[in-house]
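Take a look at the letters that make up each chain.
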Amino acid sequence: MRPSIQVNDSEKHEGPAKLKIWWLVVAILAAGTVVALGLILGPASLGVREVLVEMLDRLPYIDTDSGLSAREQAIVWEIRLPRVVLGLLVGSMLATAGASYQGVFRNPLADPYLLGVAAGAGFGATVAIVSGLGDGIGTFDAVPMLAFAGALIAVTLTYLVGFSAGRIDPVTSLVLAGVAVASFFTAVQTFVQQRDSETIRQVYFFVLGQLRTAGWDEVVLVSPYVGPCLLILLLLRRRLDVLGVGDEEAGSLGVDVRLVRLTAVLAASLGTAAVVAVSGLIGFVGIIVPHTIRLIFGFSYRVILPLTVLFGGAFLVGADLVARLTLEPAEIPIGVVTAFLGAPFFVIVLRTSRRL
Amino acid sequence: METISCRSLRVNFGVTEVLRGINLEVPKGGWTTIVGPNGSGKTTLLRAIAGLQKSQGLIQINGHALGAYSRKEVAKQIAIVPQQPVIPHGMKVLDYVLLGRTSHLGFFETEKKSDIEKAHSALDELDVGFAESRTMGTLSGGEIQRVVVARALTQGSPVLLLDEPTTALDIGHQQEMLEAVDGLRQRRDLTVLATMHDLTLAGQYADSLILLERGEAVASGTPQEVLTEEQVTQHYGASIKVIDDGFGPIVTPVRRKTNLPE
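Heads up: the sequence lines are chains A and B, in that order.
Following this note's numbering, the numbering of the first sequence begins with 1 at its first residue and continues without gaps.
Following this note's numbering, the numbering of the second sequence begins with 1 at its first residue and continues without gaps.
The hints are simulated quantities; they were obtained by calculation from the structure and are not laboratory data.
Errors might be hidden in some of the hints.
What the hints assert, rightly or not - Quick list of the computed label-pair ranges, beta carbon to beta carbon:
hint: 1; chain 1: A; residue 1: Gly215; chain 2: B; residue 2: Lys112; range: 43 to 49 Å
hint: 2; chain 1: B; residue 1: Gly106; chain 2: A; residue 2: Pro329; range: 51 to 57 Å
hint: 3; chain 1: A; residue 1: Phe345; chain 2: B; residue 2: Gln186; range: 51 to 57 Å
hint: 4; chain 1: B; residue 1: Asp170; chain 2: A; residue 2: Ala339; range: 46 to 52 Å
hint: 5; chain 1: B; residue 1: Lys241; chain 2: A; residue 2: Ile296; range: 22 to 28 Å
hint: 6; chain 1: A; residue 1: Ala187; chain 2: B; residue 2: Gly57; range: 49 to 55 Å
hint: 7; chain 1: A; residue 1: Val26; chain 2: B; residue 2: Gly106; range: 39 to 45 Å
hint: 8; chain 1: A; residue 1: Pro170; chain 2: B; residue 2: Ala168; range: 47 to 53 Å
hint: 9; chain 1: A; residue 1: Arg258; chain 2: B; residue 2: Leu169; range: 31 to 37 Å
hint: 10; chain 1: B; residue 1: Asp170; chain 2: A; residue 2: Pro170; range: 32 to 38 Å
hint: 11; chain 1: B; residue 1: Gly14; chain 2: A; residue 2: Thr156; range: 26 to 32 Å
hint: 12; chain 1: A; residue 1: Phe345; chain 2: B; residue 2: Pro37; range: 51 to 57 Å
hint: 13; chain 1: B; residue 1: Arg187; chain 2: A; residue 2: Leu176; range: 44 to 50 Å
Claimed, not checked - Derived pair list, reagent style BS3-like, types lysine-lysine, alpha-carbon separation capped at 25 Å:
hint: 14; chain 1: B; residue 1: Lys113; chain 2: A; residue 2: Lys18
hint: 15; chain 1: B; residue 1: Lys112; chain 2: A; residue 2: Lys20
hint: 16; chain 1: B; residue 1: Lys112; chain 2: B; residue 2: Lys54
Even glycine gets a Cβ: it sits at the ideal position worked out from N, Cα and C.
Let the sequences and hints guide you as you build the complete structure.
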């Protein structure tokens with residue numbers, strides 16, 4: 001045997017990729033901090049201590065008095081907390097869906113809107129707004145419902161077209177089908193919108209994304225989708241690592257590639273459709289958060305996915321704070337904030353990362 | 001008992017017959033190499049035996065029909081080293097090798113200590129243990145090939161399929177690679193089925209050869225029986241000489257006199 005050149009013999013071996021406890025602690029602290037800030041900061045100034053005591057008061061077996069007035073309590077419980085919780089759910093879902101798509105499609109540019117979810121939701125929302133249903137049918141808010149329906153129809157169409165076109169490899173045909181379906185829905189949406197120019201502003205706000213809440217309705221609406229979808233994607237994290245070696249090799253290692261891909265894509269698409277329905281098209285989160293985590297913490301989905309859930313939520317709640325506070329009392333669309341803050345931050349991480 | 005056995009194996013790509021009527025027996029612990037000109041169906045035969053390519057006819061692994069195994073069970077029986085493996089550049093070498101344990105893990109399971117030990121011992125056996133914390137993208141061609149074999153070894157399967165294991169390597173690394181595989185075969189009692197282009201190396205390491213041409217097995221037997229001047233000239237359309245130095249036939253190209261400059 002020829003001697004091999006051992007450049008760095010003293011290199012420390014770290015063992016297999018594993019989520020380190022202190023990474024989780026950092027992520028939880030980050031999420032906790034932005035949640036606390038989200039409750040404290042706003043047009044009505046509330047004390048840090050009072051808000052924290054108020055939170056404690058609601059825990060079982062703890063009975064204290066925060067000193068907040070009934071109105072201030074309502075601000076915390078009915079205005080700020082639902083919005084923060086919605087931010088956590090939407091941010092976690094978009095970021096995790098993005099990370100999963102990147103794994104399943106082996107494409108770093110894949111984002112949650114890849115398969116037509118955004119265009120379908122935009123179309124649904126536009127139809128709802130233009131047809132004058134924007135104020136709701138009875139007690140139902142029509143915009144999220146039609147947006148959700150539009151998103152699901154678009155993704156279903158993408159699957160049907162993608163899987164029926166078997167001539168090229170399944171991944172490429174699915175992505176190309178997504179491009180075709182998205183273009184089609186965007187065209188129809190633009191057509192519908194042009195015929196009713198008075199509602200352009202409303203449609204425009206949906207497209208830019210926003211975290212507006214009316215009490216807990218939105219949270220109740222998306223939780224049943226986001227919760228199970230996140231859980232499914234987290235359970236697939238080791239399988240996503242195996243997909244990194246390509247379909248054929250993953251198959252030869254004993255993985256049912258089609259099943260894993262279908263499950264991951266369905267969970268990511270369903271969750272994305274649900275959050276898009278209530279928050280509009282918040283861009284960037286699905287790309288920036290997973291890539292930042294990848295660059296800092298490593299390339300295994302066993303590490304990326306759990307951290308993405310936490311940091312994705314924290315990032316969006318933080319972005320929402322900036323959106324709410326910068327031009328107070330006016331709001332900047334949150335999609336503008338995510339791109340404005342996320343892009344430079346990502347460039348810094350990209351430049352300083354030594355993992356590439 | 002034969003570890004790998006094929007009877008009347010056929011593969012069609014649409015209307016094109018890529019393999020027809022292949023019969024093949026590889027005894028337990030043996031090393032058989034498939035040789036043949038470009039496009040003769042070597043890789044297709046290997047992929048069919050690994051269950052990655054639809055085929056007609058009978059393939060038996062350890063006495064059971066290939067179709068009777070689930071995907072996971074096939075992975076426990078057969079490990080394959082592809083000709084051009086997909087390399088996830090950001091992945092650490094140890095994590096990459098541990099992918100070999102996938103078929104042994106339940107859906108919710110992660111690698112246990114014993115799995116990690118198996119990966120370590122495979123890396124050490126292939127002399128790439130020093131690289132375990134490096135990322136795949138930082139390895140040289142020779143190191144990558146060894147790491148891919150280490151992953152296949154970590155699978156713990158009794159059958160090892162190698163698709164052109166030496167194509168990307170220089171002559172020294174080719175020999176190192178084949179010596180390493182032969183060592184593993186003897187120590188771990190593996191059954192090896194490979195495809196190769198270099199006839200001399202093929203003959204020196206395998207105990208039997210199969211010569212494919214246009215999807216048919218046109219010769220099989222010991223290297224001495226298959227690598228004759230007559231057969232290689234006929235099936236490869238090549239001008240060669242075969243020299244026997246006692247360790248197996250050496251097939252060397254000879255320039256045709258008619259093409260020499262005057």
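Now for the hints, and whether the structure bears them out:
Between A/Gly215 and B/Lys112 the Cβ separation comes to about 48 Å, which falls inside the hinted range of 43 to 49 Å. The given range of 51 to 57 Å is respected by B/Gly106 and A/Pro329, whose C-beta atoms sit roughly 54 Å from each other. Distance hint check for A/Phe345 and B/Gln186: the Cβ-Cβ separation is about 55 Å, which falls inside the suggested range of 51 to 57 Å. Take B/Asp170 and A/Ala339: their Cβ atoms lie about 49 Å apart, and the range 46 to 52 Å holds.
Checked against the hint of 22 to 28 Å, the pair B/Lys241 and A/Ile296 fails, with Cβ atoms roughly 60 Å apart. Restraint check, A/Ala187 to B/Gly57: a C-beta distance of roughly 51 Å satisfies the suggested window 49 to 55 Å. Range check, A/Val26 to B/Gly106: about 30 Å between beta-carbon atoms, so the 39 to 45 Å window is missed. Taken as a hint, the range 47 to 53 Å is violated for the pair A/Pro170 and B/Ala168, whose Cβ atoms sit roughly 28 Å apart.
Under the hint 31 to 37 Å, the C-beta atoms of A/Arg258 and B/Leu169, about 34 Å apart, fit the expected range. Hint check: B/Asp170 to A/Pro170, Cβ distance near 37 Å, so the stated range 32 to 38 Å holds. A C-beta distance of roughly 30 Å is found between B/Gly14 and A/Thr156, which places it inside the suggested range of 26 to 32 Å. Between A/Phe345 and B/Pro37 the Cβ separation comes to about 56 Å, which falls inside the hinted range of 51 to 57 Å.
Range check, B/Arg187 to A/Leu176: about 48 Å between beta-carbon atoms, so the 44 to 50 Å window is met. Restraint check for B/Lys113 and A/Lys18: satisfied, since their Cα atoms lie roughly 13 Å apart, inside the 25 Å limit. Note on B/Lys112 and A/Lys20: the hinted pairing holds, with a Cα-Cα distance of about 16 Å set against a maximum of 25 Å. The straight-line distance between the Cα atoms of B/Lys112 and B/Lys54 is roughly 34 Å, outside the 25 Å bound, and the hint therefore fails.
Checked against the numbered hints above, the structure violates hints 5, 7, 8, 16; every other hint is satisfied.
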